[in-house]
Amino acid sequence: MHGHNTDVLLDDPLKRRLLNDFQHGFPISPTPYKDIGEQLGISEVEVLSLLATLQDDGFISRIGAVFRANSVGASMLAAMAVPEDDLDRVAQIISAYDEVNHNYEREHHYNLWFVVTAEDDAHLQNVLLDMEKCTACPVLFLPMLHDYHIDLGFELKWT
Amino acid sequence: MVDDIDRRIIVATQAGLPLTAKPYLQLATQIGISHDELKKRMQAMQDSGVIRRIGAVPNHYKLGYKANGMTVWDVPDEKVQELGQKIGSLAFVSHCYHRPRHLPEWAYNLFAMVHAHNREEALQQVNVIADILGDNDRGHDVLFSTRILKKTGMRIAS
Chain E
1 MHGHNTDVLL DDPLKRRLLN DFQHGFPISP TPYKDIGEQL GISEVEVLSL LATLQDDGFI
61 SRIGAVFRAN SVGASMLAAM AVPEDDLDRV AQIISAYDEV NHNYEREHHY NLWFVVTAED
121 DAHLQNVLLD MEKCTACPVL FLPMLHDYHI DLGFELKWT
Chain R
1001 MVDDIDRRII VATQAGLPLT AKPYLQLATQ IGISHDELKK RMQAMQDSGV IRRIGAVPNH
1061 YKLGYKANGM TVWDVPDEKV QELGQKIGSL AFVSHCYHRP RHLPEWAYNL FAMVHAHNRE
1121 EALQQVNVIA DILGDNDRGH DVLFSTRILK KTGMRIAS
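Same order as they appear, the protein sequences are chains E and R.
For reference, each letter of the first sequence is one residue, going 1 to 159 in my numbering.
For reference, each letter of the second sequence is one residue, going 1001 to 1158 in my numbering.
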């Protein structure tokens, strides 16, 4: 299942630790990369270069803060049951909205799943209604009512 | 809860921290506040839960987690909180939410995202969840993604 790039990553214990150990608890200090280097026994320059490589190779999407959904603005998970032969057209319309940050095709009667994020509820509702109008497909609204997960990142397994 | 300066911090950091020796100083200068103020505010947002974590955000798909399953469950409403907390604490669950049913089309009220290297492994994870829920599992389904049509980080307009 592993591609060539993943194998290279597996062979480098420093890259593994940078990926796995710093998904949370990244220092809020004047020189966070230097602090991480001290924990790993390498220099600040090496940390920066390894992180840049991991980012360039696509293993890290970014280094930064993960915000709780709905703490700023409003967001909603939505689903559509789109006839198979119309899926490409509808998916393109949905992906084209700036307010859509995730759009997945899933194997189910409800086959299109996306997340809409807007600065407030009114804008969110407008976007969802506009989507129904433009695609002629009804949207299943699935707002988050409660979040039960404490996000500390995800223990990566290398096998 | 989040004021205008917090909002500017969120906008400035959502694409990621710069890979420079003093990334927070660079952000603070960009926003027009002191480094101390930025630190204080980021700490406060972490304490209040607005920031869930700060760190590397791995690309699971690229790391070999090719099976991304949205598991959905119909559990009794009066037990959803207790059960959600149990499921949300499992190591292989990355998100766990209570969402509304839409009867008759949609009977599921508990969502848990699982990530595995392949479908077989994901289905084993589904069995673990089903065992924990026991009789409270009145029906469930797993929706595997077949195409990622769009994926970007959270974006709010500046």
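Just so you know, these hints were derived from the structure itself, not from any lab.
Cβ coordinates follow ideal geometry from the N, Cα and C atoms, glycine included.
Hints may contain errors.
Claimed, not checked - In silico lysine-lysine, DSBU-like type, Cα no more than 30 Å apart, as pairs:
(1) 1022/R <-> 1086/R
(2) 34/E <-> 1079/R
(3) 1150/R <-> 133/E
What the hints assert, rightly or not - Some residues of chain R that are not near chain E, with every Cβ distance over 10 Å (derived):
(4) 1050
(5) 1074
(6) 1076
(7) 1087
(8) 1124
(9) 1133
(10) 1138
Unchecked claim - Away from chain E, derived, C-beta distances all over 12 Å, residues of chain R:
(11) 1033
(12) 1036
(13) 1058
(14) 1082
(15) 1084
(16) 1102
(17) 1126
(18) 1130
(19) 1131
(20) 1136
(21) 1143
Worksheet item: Is it the case that residue 1102/R keeps its Cβ farther than 12 Å from each residue Cβ in chain E?
Response: violated (6 Å)
Fill in: Non-interface label on residue 1136/R, tested against every C-beta of chain E at 12 Å
At about 14 Å from chain E, residue 1136/R clears the 12 Å cut-off, so the statement holds.
Practice prompt. Take a quick look at whether residue 1022/R and residue 1086/R sit within 30 Å of each other, Cα to Cα.
Written response: At roughly 40 Å apart (the allowed maximum being 30 Å), residue 1086/R and residue 1022/R break the hint.
Worksheet item: Beyond 12 Å from chain E, beta-carbon-wise, is residue 1131/R?
Response: holds (18 Å)
Fill in: Claimed clearance of chain E by residue 1138/R, with the beta carbon kept past 10 Å
holds (18 Å)
Worksheet item: Would the least Cβ to Cβ distance between residue 1087/R and chain E come out above 10 Å?
Response: violated (7 Å)
Item to complete: Please settle this one: residue 1036/R was flagged as non-interface, so is its CB more than 12 Å from every CB on chain E?
Response: At about 10 Å from chain E, residue 1036/R fails to clear the 12 Å cut-off, so the statement is violated.
Item to complete: Measuring Cβ to Cβ, find out whether residue 1124/R lies farther than 10 Å from everything in chain E.
Response: holds (13 Å)
Worksheet item: Far enough from chain E: is every CB of that chain over 12 Å from the CB of residue 1130/R?
Response: Consistent with the label, residue 1130/R stays out of reach of chain E, its closest Cβ about 17 Å off (over 12 Å).
Item to complete: Quick one: work out the minimum CB distance from residue 1126/R to chain E and report holds if it exceeds 12 Å, violated otherwise.
Response: Answer for residue 1126/R: holds, closest chain E Cβ roughly 14 Å.
Item to complete: Below or equal to 30 Å on CA atoms is what counts here, so check residue 1150/R against residue 133/E.
Response: holds (21 Å)
Discussion item. Just want to verify: residue 1058/R was marked as not at the interface with chain E; is every Cβ pair farther apart than 12 Å?
Written reply: Violated: least Cβ distance 6 Å, not greater than 12 Å.
Checked against the numbered hints above, the structure breaks hints 1, 2, 4, 7, 12, 13, 14, 15, 16 and 21 and satisfies the rest.
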